[in-house]
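**Student:** Taken in order, these protein sequences are the chains called A and B. Going left to right, the first sequence walks through residues -11 to 407 as the working numbering numbers them. Going left to right, the second sequence walks through residues 24 to 402 as the working numbering numbers them.
Don't take each hint at face value.
Computed footprint of chain A on chain B, listed as stretches where at least three residues anywhere in the stretch have a Cβ under 8 Å from a Cβ of chain A [what the hints assert, rightly or not]:
| hint | segment |
| --- | --- |
| 1 | 162 to 175 |
| 2 | 252 to 260 |
| 3 | 382 to 392 |
When the alpha-carbon atoms are kept at most 20 Å apart in a straight line, the in silico SDA-like pairs for lysine to any residue are as follows [claimed, not checked]:
| hint | chain 1 | residue 1 | chain 2 | residue 2 |
| --- | --- | --- | --- | --- |
| 4 | B | Lys92 | B | Asp139 |
| 5 | A | Lys147 | A | Arg137 |
| 6 | A | Lys213 | B | Gln401 |
| 7 | B | Lys130 | A | His63 |
| 8 | A | Lys213 | A | Gly174 |
| 9 | A | Lys213 | A | Gln159 |
| 10 | B | Lys92 | B | Gly57 |
| 11 | B | Lys130 | B | Thr149 |
| 12 | B | Lys211 | B | Gly180 |
| 13 | B | Lys371 | B | Asn89 |
| 14 | B | Lys130 | A | Gly174 |
| 15 | A | Lys213 | B | Ser254 |
| 16 | B | Lys130 | B | Asn113 |
| 17 | B | Lys130 | A | Gly58 |
| 18 | A | Lys213 | B | His399 |
| 19 | B | Lys130 | A | Ser57 |
| 20 | A | Lys147 | A | Pro126 |
| 21 | B | Lys73 | B | His85 |
| 22 | A | Lys213 | B | Ser253 |
| 23 | B | Lys124 | A | Gly158 |
| 24 | B | Lys92 | B | Ser75 |
| 25 | B | Lys130 | B | Met150 |
| 26 | B | Lys130 | A | Asn64 |
| 27 | B | Lys130 | B | Leu148 |
| 28 | B | Lys211 | B | Ser253 |
| 29 | A | Lys213 | A | Thr278 |
| 30 | B | Lys130 | B | Thr116 |
| 31 | B | Lys130 | A | Arg74 |
| 32 | B | Lys92 | B | Gly369 |
| 33 | B | Lys124 | A | Gly58 |
| 34 | B | Lys211 | B | Val246 |
| 35 | B | Lys124 | A | Ser57 |
Keep in mind that the hints were calculated from the coordinates and are not lab data. This structure is a prediction, so every number in the text was calculated from the model and none was measured. Built from N, CA and C at the ideal position, the CB exists for glycine as well.
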Amino acid sequence: MFLSCRRPCLLGCFKSKFRPGGEHLSTICRGHATLTRSILITALLLLCQLGSAPAAYSLFHSGGVGSCSGCHLSHNPSASASRLLRAADASSVCLNCHAGPGGAASVSVFSFDGSALTPGGDFYWLTRSFNWPGGSSPAARHGHNVIARDFGLDADPNKSQGPGGSYPSGQLSCISCHDPHGRSGGGTRAGAVAVSVSGSYGDDPAAGSGRGNYRLLGGVGYSAKGYTFNYPAPIARQNPALPFAESDSSHVDYGSGMSEWCANCHAAMLTNKHQVGGGGFTHPVGANETLSGEIIANYNSYVKSGDLSGSAATAYLQFVPFERGTSFPALLDPTDTSGPGGNAALSCLTCHRAHASAFRSAGRWDFSAALLVDSHPALGDSGVTAGDVNNSYYRRNIAHDFGAGQRQFCEKCHAAVSP
Amino acid sequence: MKKTISIATAMMFSLCLTGAAFAFHDGGVAHCDGCHSMHGGATSGPALQKGSDASSTCLNCHNGANGYKVSSADGSNKNEGGDFHWTKDNGYTYVVRGNTKTFDYNKAGHNMLAADFGMTNDANLTMAPGGSFPAAGFSCTGCHDPHGQANGGTVGGALPISVSGSYGAVPAPGTQAGNYRILYDSAKIGFSEDAPIARASGSNGASVQYGSGMSGWCANCHVGFYATTSSGGMHPVDRAVQTTYNSYVATGNFTGTIANAYDPLVPIERGVTTASSDLPDPTDQATAGVGVDGSSKVMCLSCHRAHGSAFGNALRGDMSEAFLAESWITLGSNVPATAVPYYKQGVKIDVADAGSGNPFTDGYGEYQRSLCNKCHVQD
């Protein structure tokens, strides 16, 4: 009987940290396995049977390019796509696995009911338009309109280019941001070492190998359909135990580089100055825009509108994430409930979700509601379901958790005004 | 008298040492009673065959491991064509994320009917993928001409066969070599493509150098899969091989050169269209280890094995996992430890062990990703 001897070593010879949601049979290193296989065999099998390495989500990519046949089919006479893809277009290939009911252990980012409550958000919202007397929230305004023809997702009908940049919306797909081949450092062809572990969970790569980019995001030089990135992938770390969930106590802990990375396509949005007057308002973001002491104090004391009794140790709010200002994943902790420290910075994802949300501009909350209990989607809106309302704030009851007087979550940093 | 016996004995030993003792087919039809029995006996097969069906007749000699045998009891054969063991119902299971899965032997290769050896035809397919050759009754003689005729045989006006077409032998004047592995050629009814040009290291098929025509020959039955462009949804064959083949040694290792680039797990055709004898000795690394040039072509067997393999679609490697070293066999399977899923030159390799980085004989490293990357570097 064969047994795998890869990565995390139960005997302490850690090539990488054990990831509960990680690799199958990742138990003991080769060296130890040779000596101890007969002793450990029963234990290993038991562990496997108990589902100690259960994750369906972390196996396919393994931090880099997955099995080729997962996306490509060498002999597919019915193929309508180029590059022998298993679907009509790149995003549809991704959604072959990443569409479906949401859940804490689900890889879905495109549910049929808004249940994919992932940090990036649910592309479901791109299919939902809400209307109410005096207002609307069109589907196409809810996020990145990736084209996935097999799943009924079309290009943005309103914009021809990415806001603040020139990325053609007619080419927007999952691989506009995510490198389907999971290259890090330009890939081995460019001299990078082999990817051995995911870059999304803080795993340490084995000697002589490297970790992938966070969420397989494209790095410097990544080019999809002729558009080339100038900024590296961000540093961030998700909780491997809950890799597709988000709460105040289990969330992506962002390190650095997110805003710059967004600027690969939205360069004009990356600025250190408020643009007021004749121009639009652009919030400053990026590594150079570290939070001031006043902002940090506000964040850490703010509990809700009118309540500034919080403390730094428990200040983290899933709706207002921030970067902790480090480029070392080991210094990040997805279960850290503390607020920002001295190096913390604002990022695009402080206010927006990367994929989509229930709100305009993929906001983490409804930017147009004076009081968040008045957010849309709301019951009574045209096109809304009770599930939409429930899922819009990740199944948190705003009135219960924050009070009927809760104003915009901008207050988490700018808490000067009481309700 | 003693002197004569001594000479005869020496000659017999000499013949054995040169392998002549294995030359049952001799490139063409062998002695008839190897397969047929004139007067019944245990015979139960058609045409007075010694097996109950054609494949069973072949396996009377070719069942087992090593040498010229192609169907082991434990997956331990290491020949280029692969081991029919994997196409049998061995009850193999493995564990994925806590769930026990069953290895589908119907997808591991060409499922032959060989009733005497417990082998059955493909339970999933009724016809050859990309063609119309019926799966029911498929046997060794679906591909191999049991009578080893070449160019229609002598009855069709062809020259007599004097040597095998599999090992680079040159036929005597007035004769011809058989087809490579006594495969059918275009004289076979229903076949439009001739047998390929290739050269094996010996009857054990431990290593092979491919010349030309393999993909076209496969297309005799799988014509729908033959394409020279990818526009129809097919990976192209008979196309020039990407030159990255020469530099790619393993994931993250691009130190290869054309002089040492040939990887038996990603074989290519060298463009030789004349005869087996014009191909390098497959065991001579100095010539057989050379990488690709402008004449080299990708072929069906660049990815697949002809008989069967431990992996789906008779592929040379497990395409269902990110890392080559994490094939299904490593996932708590009940495959015997003596099985050999990966091998080169007839020798088992540990794909996780990069060795000295010699593509001709060595593995790759623990984090080696799919060997598609040998041509399509994306790792």
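**Student:** Each of the hints needs a verdict: does it hold here or not?
**Tutor:** Structure-based check of all given hints:
1. 162 to 175: Since three or more residues must qualify, the claim that chain A covers the segment 162 to 175 of chain B is violated, with 0 doing so at under 8 Å.
2. 252 to 260: Coverage by chain A holds here, the residue count being 5 at a Cβ distance below 8 Å.
3. 382 to 392: That given contact holds, which follows from 5 residues of the segment 382 to 392 of chain B lying within Cβ reach (below 8 Å) of chain A.
4. Lys92/B to Asp139/B: holds (16 Å)
5. Lys147/A to Arg137/A: holds (18 Å)
6. Lys213/A to Gln401/B: Given pair lysine 213/A, glutamine 401/B holds - Cα atoms ~16 Å apart, limit 20 Å.
7. Lys130/B to His63/A: holds (14 Å)
8. Lys213/A to Gly174/A: Distance ~16 Å between lysine 213/A and glycine 174/A Cα, so the pair holds.
9. Lys213/A to Gln159/A: This hinted pair holds, its Cα atoms lying about 8 Å apart.
10. Lys92/B to Gly57/B: With Cα atoms ~16 Å apart, lysine 92/B and glycine 57/B stay inside 20 Å; holds.
11. Lys130/B to Thr149/B: Measuring from Cα to Cα gives roughly 13 Å; hence the hint holds.
12. Lys211/B to Gly180/B: Judged against 20 Å, a Cα distance of about 14 Å means the pair holds.
13. Lys371/B to Asn89/B: holds (12 Å)
14. Lys130/B to Gly174/A: violated (36 Å)
15. Lys213/A to Ser254/B: Holds. Lysine 213/A to serine 254/B sits at ~19 Å (cutoff 20 Å).
16. Lys130/B to Asn113/B: holds (13 Å)
17. Lys130/B to Gly58/A: With a Cα-Cα distance of about 16 Å, the restraint between lysine 130/B and glycine 58/A holds, given a limit of 20 Å.
18. Lys213/A to His399/B: holds (18 Å)
19. Lys130/B to Ser57/A: holds (15 Å)
20. Lys147/A to Pro126/A: holds (13 Å)
21. Lys73/B to His85/B: holds (13 Å)
22. Lys213/A to Ser253/B: Roughly 19 Å between the alpha carbons, so the hint for lysine 213/A and serine 253/B holds.
23. Lys124/B to Gly158/A: It is violated: about 41 Å lies between the C-alpha atoms, which goes past 20 Å.
24. Lys92/B to Ser75/B: This hinted pair holds, its Cα atoms lying about 19 Å apart.
25. Lys130/B to Met150/B: It holds: about 13 Å lies between the C-alpha atoms, which stays within 20 Å.
26. Lys130/B to Asn64/A: Cα-Cα ~16 Å, so holds.
27. Lys130/B to Leu148/B: Holds - the C-alpha atoms of leucine 148/B and lysine 130/B are around 10 Å apart, at most 20 Å.
28. Lys211/B to Ser253/B: violated (29 Å)
29. Lys213/A to Thr278/A: Not satisfied, since the Cα-Cα distance of roughly 34 Å exceeds 20 Å.
30. Lys130/B to Thr116/B: Between lysine 130/B and threonine 116/B the Cα gap is close to 14 Å, so the pair holds against 20 Å.
31. Lys130/B to Arg74/A: holds (19 Å)
32. Lys92/B to Gly369/B: holds (13 Å)
33. Lys124/B to Gly58/A: The given pair, whose Cα atoms are some 18 Å apart, holds under the 20 Å limit.
34. Lys211/B to Val246/B: holds (16 Å)
35. Lys124/B to Ser57/A: holds (19 Å)
When held up to the earlier numbered hints, the structure conflicts with 1, 14, 23, 28 and 29 and fits the remainder.
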